[in-house]
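A.B. asks: Take a look at the letters that make up each chain.
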Amino acid sequence: GAGVSQTPSNKVTEKGKYVELRCDPISGHTALYWYRQSLGQGPEFLIYFQGTGAADDSGLPNDRFFAVRPEGSVSTLKIQRTERGDSAVYLCASSAQVGDYNEQFFGPGTRLTVL
Amino acid sequence: GENVEQHPSTLSVQEGDSAVIKCTYSDSASNYFPWYKQELGKRPQLIIDIRSNVGEKKDQRIAVTLNKTAKHFSLHITETQPEDSAVYFCAAPSAGSQGNLIFGKGTKLSVKP
Chain A
105 GAGVSQTPSN KVTEKGKYVE LRCDPISGHT ALYWYRQSLG QGPEFLIYFQ GTGAADDSGL
165 PNDRFFAVRP EGSVSTLKIQ RTERGDSAVY LCASSAQVGD YNEQFFGPGT RLTVL
Chain B
56 GENVEQHPST LSVQEGDSAV IKCTYSDSAS NYFPWYKQEL GKRPQLIIDI RSNVGEKKDQ
116 RIAVTLNKTA KHFSLHITET QPEDSAVYFC AAPSAGSQGN LIFGKGTKLS VKP
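Listed in order, the protein sequences are those of chains A and B.
Our numbering applies: residue 105 is where the first sequence begins, and numbers increase by one.
Our numbering applies: residue 56 is where the second sequence begins, and numbers increase by one.
The hints are simulated quantities; they were obtained by calculation from the structure and are not laboratory data.
Heads up, the beta-carbon is just placed ideally off N, CA and C, and yes, glycines get one too.
Among the clues, some could well be false.
DSS-like, lysine-lysine: derived pairs with alpha carbons at most 27 angstroms apart [unchecked claim]:
#	chain 1	residue 1	chain 2	residue 2
1	A	K182	B	K97
2	B	K97	A	K115
3	A	K115	B	K160
4	A	K182	B	K160
5	B	K112	B	K77
6	B	K126	B	K167
Computed, partial: chain B to chain A, Cβ under 8 angstroms [as the list claims (entries may be wrong)]:
#	residue
7	A84
8	Y87
9	L95
10	R98
11	L101
12	R106
13	N108
14	K112
15	F144
16	S149
17	A150
18	S152
19	L156
20	F158
21	G159
22	G161
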């Protein structure tokens, strides 16, 4: 079956603009995670969803970042007033259930560049 | 919260040799330790994981060992092949989390033919 998909694969924007990044998880997976990966670093947790609700958003760096998952499937990460420091690869992952021991399947990521 | 340290940051071995990557974690309550492989420009992919109720797990040329007392775990790759070249990340659950992971900074493994 299809894995986790993310669109767009690349996004170049100007400082101060608004961007939306989309994640399509594996069908049936209830847990969805957003991570951010800077060059030479490991993925950094941002937020995760159990169903439609954001169960933990403690990793969001500030209030410019917001994510939704209105129907419990597709999720959108929204970044307002982008800054150059937001440039990174944004990874989405999904797992069958929330909790440990459940393999997280990653998408290919969206490479965001803020000029 | 959980803190995961990984070393070395780079590792170069000859084809056929073994490679070992080590990670330490801080939260003694952590109970699940996955390892991910990320090839250049690709997504991270789980290669092996271990739960805290076992000390070692093997899958063909890959093994992971866990020392709960010392709070460290290691990835062992035997008979390395050029296609093993990639960045490897260890991870542990965030303290009190429901699965969101704290990753190490990664080890870039280069296997020379």
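A.B. asks: The structure should be examined with respect to each hint, and the outcome stated for every one.
C.D. replies: Evaluation of the provided hints:
no. : hint            : result
1   : A:K182 x B:K97  : 23 angstroms, holds
2   : B:K97 x A:K115  : 17 angstroms, holds
3   : A:K115 x B:K160 : 24 angstroms, holds
4   : A:K182 x B:K160 : 26 angstroms, holds
5   : B:K112 x B:K77  : 15 angstroms, holds
6   : B:K126 x B:K167 : 32 angstroms, violated
7   : A84             : 10 angstroms, violated
8   : Y87             : 4 angstroms, holds
9   : L95             : 12 angstroms, violated
10  : R98             : 4 angstroms, holds
11  : L101            : 5 angstroms, holds
12  : R106            : 6 angstroms, holds
13  : N108            : 11 angstroms, violated
14  : K112            : 13 angstroms, violated
15  : F144            : 5 angstroms, holds
16  : S149            : 6 angstroms, holds
17  : A150            : 11 angstroms, violated
18  : S152            : 7 angstroms, holds
19  : L156            : 7 angstroms, holds
20  : F158            : 3 angstroms, holds
21  : G159            : 5 angstroms, holds
22  : G161            : 5 angstroms, holds
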